[in-house]
Amino acid sequence: MASKIVVIGDVNGQFKPVFQKIGALHAKNNFAFAIVVGSLFADPSAAAETDDVDVQLLVDGKIDVPLPTYFALASHSLPQAVRQKLASSNDELCHNLFFLGRRTTIKTSEDLRIVALGGRYEPSLGAGQSNDKYSPFYSATDANILRGAMTADILITSQWPEGIQGRSKVDFSPEVPPSSQQCIADLDVVLRPRYHFTTSGTAFYEREPFFHPPSEDTDNLYPVTRFISLASYGNHNKQKWIYAFALEPHASHPVMPPSGSTACPLTLSEKKRLAPEHHDQHLVYDDGSRGRRGNKRRKGEPRGPIRASECFFCLANENIATHLITSIGENSYLTTAKGPLPTSQTFVKLGFPCHMLIIPFTHQPTLGSMEEEERQATYAEMEGIA
Numbered sequence: 001m002a003s004k005i006v007v008i009g010d011v012n013g014q015f016k017p018v019f020q021k022i023g024a025l026h027a028k029n030n031f032a033f034a035i036v037v038g039s040l041f042a043d044p045s046a047a048a049e050t051d052d053v054d055v056q057l058l059v060d061g062k063i064d065v066p067l068p069t070y071f072a073l074a075s076h077s078l079p080q081a082v083r084q085k086l087a088s089s090n091d092e093l094c095h096n097l098f099f100l101g102r103r104t105t106i107k108t109s110e111d112l113r114i115v116a117l118g119g120r121y122e123p124s125l126g127a128g129q130s131n132d133k134y135s136p137f138y139s140a141t142d143a144n145i146l147r148g149a150m151t152a153d154i155l156i157t158s159q160w161p162e163g164i165q166g167r168s169k170v171d172f173s174p175e176v177p178p179s180s181q182q183c184i185a186d187l188d189v190v191l192r193p194r195y196h197f198t199t200s201g202t203a204f205y206e207r208e209p210f211f212h213p214p215s216e217d218t219d220n221l222y223p224v225t226r227f228i229s230l231a232s233y234g235n236h237n238k239q240k241w242i243y244a245f246a247l248e249p250h251a252s253h254p255v256m257p258p259s260g261s262t263a264c265p266l267t268l269s270e271k272k273r274l275a276p277e278h279h280d281q282h283l284v285y286d287d288g289s290r291g292r293r294g295n296k297r298r299k300g301e302p303r304g305p306i307r308a309s310e311c312f313f314c315l316a317n318e319n320i321a322t323h324l325i326t327s328i329g330e331n332s333y334l335t336t337a338k339g340p341l342p343t344s345q346t347f348v349k350l351g352f353p354c355h356m357l358i359i360p361f362t363h364q365p366t367l368g369s370m371e372e373e374e375r376q377a378t379y380a381e382m383e384g385i386a
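So that you can map any letter, position 330 of the sequence shown is 330 in UniProt numbering, and since no number is skipped, the others follow by simple counting.
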């Protein structure tokens, strides 16, 4: 059965009138849930005293939230009162209002998978990941970790995927061009979400649906993604800030690309690097060997450090056995073991050996190799799972 969903762009602290409007729509349409994909709160650097009062009223549950509503982390910090409440209430700000987090994979009661990456890309974080789930910044590692979800019904990001306007005939000339990132394009290519929502200030943009190449994973069908960027509530251009649609869990992909759709305009970052790597295979080397790969390890030579993309346990590895993964947390994930210690007769009634592994996201050989803050957060999560 299809679920009705309503999505909202930047609210910027005007949650009183927004929730009133959503409540009126909900009374007529009976939505399963709502998602605020933009900033729910005003920018702290420009917030007025009345904004602080409204925030406290919301935190205290004195503003009615008419239906289950998820809100994303946008490009600026959350108010301190909000951070404190979320930290003490398992990310439930008040009745019916839930925080998605900076890097999240959840499945709703309607059996719909939502993947969210909030904040702005921060190159200075390097290959690490931020352990502050309220920080408005993410790293490339944070984005790569979400690729381990492998699929999504709804993808939510604060920034655009790089190259999304390619192959599109839809005109879009905003006052301020949205920031775009390659790692978000990678998420679209890997997850093949049915809907990808983001925001674009005072402008609304919906490009043609785009289809992904058929593969064995999709039963040779054509997954289709609809990319929608919402304007902010109350914008002076009167652009669309709200979007309602129906989504059926586990609906089959189309057999053929839909009319009016385009091929996927996005390219996986790994594929962009293939050309020089293939070129190297045809070089003639000084030792007289022809056609031999330059990075091939000779017998007896020491093996170099394994990269995360090659690591058997890292989610950044495209060949990881995702069908064994049972849960993805903030700092680690839970998976069944390929080579379990128990035998098939150990837990006969359960039908599988029940040997589980808790694996940290960080590409390090031991917990002791991690930075102190990261090690403590990871160990605490692993203890909680165990």
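Since the hints were derived computationally from the structure, they do not count as laboratory data. Do not take every clue at face value.
What the hints assert, rightly or not - The calculated EDC-like cross-link candidates involving lysine to aspartate or glutamate, where the alpha carbons are at most 20 Å apart (straight line), are: (1) K62 / E92; (2) K133 / D91; (3) K169 / E383.
Hints the structure fails to honour: 3
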